[in-house]
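Taken in sequence, the protein lines are chains A and B. Number 176 in the numbering used here belongs to position 176 of the first sequence; there are no gaps in the numbering. Number 439 in the numbering used here belongs to position 439 of the second sequence; there are no gaps in the numbering.
Careful, some of the hints might be misleading.
For chains that are exact copies, the list does not tell them apart, and a pair is met inside one copy or across any two.
[As the list claims (entries may be wrong)] With a straight-line cut-off of 27 Å between C-alpha atoms, the simulated DSSO-like cross-links for lysine-lysine are:
#1 530 / 501
#2 121 / 315
#3 102 / 128
#4 121 / 453
#5 121 / 530
#6 128 / 438
#7 530 / 453
#8 121 / 536
#9 453 / 128
Since the hints were made in silico from the structure, they are not lab data.
There are 2 protein chains.
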Amino acid sequence: MVTRLSHLFVRTLREDPAEAEVASHRLLVRAGYIRRQAAGVFAWLPLGLRVKARIERIIREEMTAAGAQEVHFPALMPREPYEATGRWDEYGDLLFRLQDRKGGDYLLAPTHEEAFTLLVKDLYNSYKDLPLTLFQIQDKYRDEARPRAGLLRGREFTMKDAYSFDHTDEGLDRSYTAQRDAYERIFRRLGLEYVIVQADAGAMGGSRSEEFLHPTPVGEDTFVRTEGGYAANVEAFTTTAPEPIPFDGLPDPVVFDSPGTTTIQTLVDHANEVLDGERTAADTLKNVVLALTHLDGTREIVVVGLPGDRDVDAKRAEVAFAPAEVEPATEEDLARHPLLVRGFIGPWSPQGPMLGEESATGIRYLLDPRVVDGTSWITGANELDKHVHGLVAGRDFASDGFVEVASVRDGDPAPDGSGPVALARGMEIGHVFQLGRKYAEALGLKVLDENGKLVTVTMGSYGIGVTRILAIIAELSHDDRGLIWPETVSPFDVHVVATGKGDDAYRLAEQLVADLEAARLDVLYDDRPKASPGVKFGDAELIGVPRLVVAGRGAADGQVELWDRRTGDREVVSLADAVTRLTSR
Amino acid sequence: MVTRLSHLFVRTLREDPAEAEVASHRLLVRAGYIRRQAAGVFAWLPLGLRVKARIERIIREEMTAAGAQEVHFPALMPREPYEATGRWDEYGDLLFRLQDRKGGDYLLAPTHEEAFTLLVKDLYNSYKDLPLTLFQIQDKYRDEARPRAGLLRGREFTMKDAYSFDHTDEGLDRSYTAQRDAYERIFRRLGLEYVIVQADAGAMGGSRSEEFLHPTPVGEDTFVRTEGGYAANVEAFTTTAPEPIPFDGLPDPVVFDSPGTTTIQTLVDHANEVLDGERTAADTLKNVVLALTHLDGTREIVVVGLPGDRDVDAKRAEVAFAPAEVEPATEEDLARHPLLVRGFIGPWSPQGPMLGEESATGIRYLLDPRVVDGTSWITGANELDKHVHGLVAGRDFASDGFVEVASVRDGDPAPDGSGPVALARGMEIGHVFQLGRKYAEALGLKVLDENGKLVTVTMGSYGIGVTRILAIIAELSHDDRGLIWPETVSPFDVHVVATGKGDDAYRLAEQLVADLEAARLDVLYDDRPKASPGVKFGDAELIGVPRLVVAGRGAADGQVELWDRRTGDREVVSLADAVTRLTSR
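Sequences and hints are given; from them, build the entire structure.
And the structure:
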């Protein structure tokens, strides 16, 4: 097919759109691929739709090759199934909710676990029907608080979501592996480097969860990895707790005056002035007060004790306390708990243990796993301008449990013993996830097994954000002058530009595009008679088809110039050579 | 591609779904094509998705061939552009409205005229950019009061909508004709017989509007046509008014007692008893009281006078009074207008004219176009149990205008003089529509013309309901035992069934499907080892692939049976012949 630029619905823009924060957004709008309709909501112009269709085709082919079957659910879904699994509430403000004319509650689906579960329950009832993997490529909705970065985090976005159904754990492992393998093939075909990292399975109740991250310094996700092959996002990282230390011979805790030392740094400095020995932040026990908002609306105060050289990592805390929402406690929260003296909070006071027994205090006290029995700490003494040193965990204070919220650092030991981790950043490009039986249990999806016994089905969930992937590819594939698409997803195979006065170039270009079309290539042909060479080259660079052919100066001699958009290499060849080169790849 | 039925996600059902009102709905659910998610909202299973994709491909090919370019708008659209054109209100309860977390108003788009207009305004500014026709195939939303008949009238449905942009009326005519021609090709390829009828352009402000109707006695739309080539839906039919009659020598109106004659029939019977001559319902003037609800919420009472042998046609009234909603007046409405004595309403009383001057009465009085000056009527005298005869239009009473709401009948003269019309029924399968400048004016879409002058763009709008078309094809293509797809949209090209004990049939079938796959046919292969021949044939008939091949009894001799699902014809042939026959079409 040949598309003439004189006919194509596109208008390249010189100016960056005002709201664009990232390169992909800026360039996709300027090059005429997408157009904003509302915050996080975009229209697809012909160029954009072509790239999207190519990505979808690759995904569809690999899904089908992996034995998954395509279906398509509506975006508009009734409340009831989401109510049954708790997601109607759990999703909070992220869910677009609406009512129909009769007052019935609906939502715009963010994903379709419930619907797939119910569909399989409706139609299948025997282990003989399994394994089964279904997928769809469909528009989804999330009412993001800060829709930003163009397609990277939209409110309406296209996703491939797949769901597997098995009646045994081994079956789930096989289905999971089939999807995981398909994802590897998809990202290879898309030219997207990836790292597979362990992800938190957490609140979803599943057993195995991995994310495909594209490693890039500008990624919004942080992950850790070791040279020994361990990789996890920080939410899934688990701390290696040291062995407990015997209490024998440890001195008693001693309270000391510490006026105005309400930060770890001032506390350490002061302690090193008034006490023997050289202490660091790691010798202090920092007590952070968090406020959780539970699904039923109640607000709970939780205190987390962790080594003073660590902070609470917001993402790890989010996962640790989900589905409750977590935020730092406010002055008002503290005012309601006079026990907690800001700057001097600790699990113990001269009168004895203070925190660590929720039933007594009404406050949950959770510890970082490093705070094992026998470790000795400097921490608040629960009085203004007082701290305590020599406070020993397990002897002087207890906790209501442990929690994984402390920040992860370069050099922390990997939980699998493969060595110290290094932090890196990446962008999530896919997620494979063993849901287990959570949805099947909530919605009653059971099948008869080999022995005629009803067993609950176990499920997997597998997602790729199609429009997000497109943006990520654009983010990785551009230079100052515009986009540079990988050949597998470029809107066209070749971009032919005719320039110059007289008819020679246009005649030659017409011949060239006809030959390329005969070879079944998709060709964009810049046939605009009045646009200057500068405008044409500028548009070609902005639009970003990786292979360019220019019919211009040498056209009278039957010569064209092959351009490589990525390297900038140019080469003068005959028409016949150009056709051979472009069609032989 | 070969799809094995043992693997395909499908479960045929013996029972009709409880909510199914029409054959297409019943069969598409039973055969495993679709599955209801909510009233008027369906999920697409693999079989259904295949048929839908084939229809979409045909539409896409013909749109592209007609020079239209594909784009894709979001379903979630902000309120503002729909507010600017008045549709936010005009659509009333049909619109799904919702708010985002910040309280911003959004809708789920029923169509995208506004968005397309604004997009072209954003990017184009010269007559040189035109003509332009854009289309999308996209899921749309209408909160129907009575979503019914499965996919025929859904609340979430897939539509191809196209919009053309021109700067001259002649250009619009050309763009319109190109779409109209494409529609003819699409419906021919889909095997859908059609009639192109004039449709009402009415409230949309356009100049030309035609519907493609599939003629069928079970259609929900009524249209009229003549042997001379006229065709229109009843909403667009215009009444041929007779010539006015001179008043000279017509006797004065005479009031007569008519106790209890509150219907046309009792009035005619009574009149024929007490007056000279033989009267019929056509000699009476029926006055129907209607209540309009305007967009601003105000309620207006309108009286319509029409010959007593006609009724008010609800659809014609809907169009005539749009965007106001129209319904019969209630007792309460009448109570508020003591002027109107139910059963005896008329435009005149012995005290003189009663209706026909809105400024005096506060009630609009509109007449059927047949009530021309000089016609003489029996009608109510605005007193209980009194009528009047010899009441002459234009002499004794006037009106506030004419209105096209009377029912259309077989034999009514066509407005183009091509003879008497015949009524017929059909299903709407497409609509082409000259919008004119309404949207461009409301949203400020102008371009510079050849003389450097800003001119408002003129637009066309062209729609095909993809999922509706699919249902209509199913509605037309079935028998008692199941669906019978036209070859162009069948989910598979061939359905191969292996039956019988032993391996011969399966071996032969495997060979057959391999040969068919090599010839690039899409094959559904019923390889289920344990299903009985009865189950397999039943499923094959229900699923409705038109070409069946059975490998069974003669398999040991290399013979298969070719079945024609539509005619029921069967023929025993060799494997090689079967392949030749199936691949040579």
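Evaluated hints:
no.: 1; hint: 530 / 501; verdict: within (10 Å within a copy, 73 Å between copies)
no.: 2; hint: 121 / 315; verdict: neither (35 Å within a copy, 43 Å between copies)
no.: 3; hint: 102 / 128; verdict: neither (41 Å within a copy, 49 Å between copies)
no.: 4; hint: 121 / 453; verdict: within (16 Å within a copy, 64 Å between copies)
no.: 5; hint: 121 / 530; verdict: between (62 Å within a copy, 22 Å between copies)
no.: 6; hint: 128 / 438; verdict: within (22 Å within a copy, 59 Å between copies)
no.: 7; hint: 530 / 453; verdict: between (76 Å within a copy, 21 Å between copies)
no.: 8; hint: 121 / 536; verdict: between (57 Å within a copy, 23 Å between copies)
no.: 9; hint: 453 / 128; verdict: within (13 Å within a copy, 72 Å between copies)
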